[in-house]
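K.L.:
What follows is the residue order along each chain.
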Amino acid sequence: DSGVTQTPKHLITATGQRVTLRCSPRSGDLSVYWYQQSLDQGLQFLIQYYNGEERAKGNILERFSAQQFPDLHSELNLSSLELGDSALYFCASSATVQGSGNTIYFGEGSWLTVV
Amino acid sequence: DQQVKQNSPSLSVQEGRISILNCDYTNSMFDYFLWYKKYPAEGPTFLISISSIKDKNEDGRFTVFLNKSAKHLSLHIVPSQPGDSAVYFCAAQNEAGTALIFGKGTTLSVSS
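In order, the protein sequences belong to chains S and G. Position 37 (the first sequence) corresponds to 37 in the working numbering; numbering is contiguous. Position 62 (the second sequence) corresponds to 62 in the working numbering; numbering is contiguous.
These aren't lab readings, by the way, just hints derived from the structure by calculation. Just so you know, these numbers come straight off a predicted model, no measurement behind them.
Per the computed footprint, the stretches of chain G lying under chain S, defined by three or more beta-carbons under 8 Å from a beta-carbon of chain S, are:
1) 43-53
2) 99-106
Derived DEER-like restraints, expressed as beta-carbon distance ranges:
3) G/S10 to S/T5: 29 to 37 Å
4) G/S74 to S/T103: 18 to 26 Å
5) S/Q41 to G/D55: 24 to 32 Å
6) G/Q81 to S/D1: 18 to 26 Å
7) S/A95 to G/I20: 27 to 35 Å
8) G/K56 to S/E62: 38 to 46 Å
9) S/P70 to G/S112: 44 to 52 Å
10) G/E15 to S/T15: 41 to 49 Å
Each residue gets a CB set at the ideal place from its N, CA and C atoms; glycine is no exception.
Hey, can you work out the whole structure from these sequences and the hints?
P.N.:
This is the structure in structure tokens:
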């Protein structure tokens, strides 16, 4: 158990809909990351937050957004969903963001299926 | 453009033998490298890491080697066990400490 909690574990929704994925980081971790893993793809970095502020952006679509709340939990919002958005979405956390040598710990993921 | 490449999608090894998983990177600014192991329907689990100031790091049966001049790292598992069967991801981080960049993974199958 990495200590990173993600809900829901599985979600099935229709095209055009909007969903919210939730993540609670490890206790004490200030940095939260979101990754997407599609079929035949590696882990694609979407976005990173540190202590409530956006820190870095990766391959995140404009239809997607995220935020980190004062209690450090984070939500990833996916809107106008398309079939191609079906994927496993991982949240990860780390203690800090400054400097390398920063190990990132992953949750078990949220399976999103768009039908 | 992939900055971290794992060119072998799969590897099959017999129990007790050595497994060698390879990873290449293109960005010379990367200075911290990690290996993660992933079972189906689970999140990636941190396995071992290495800083660019070192060329080797060992943890039990797992050893990671880094060749900075070749921009190449490898993970050695000795001896391999059936429980090691999983997808192994190589990841890299730059000195700014931003998010890890992952390769596409290598599926290791260890047969008994």
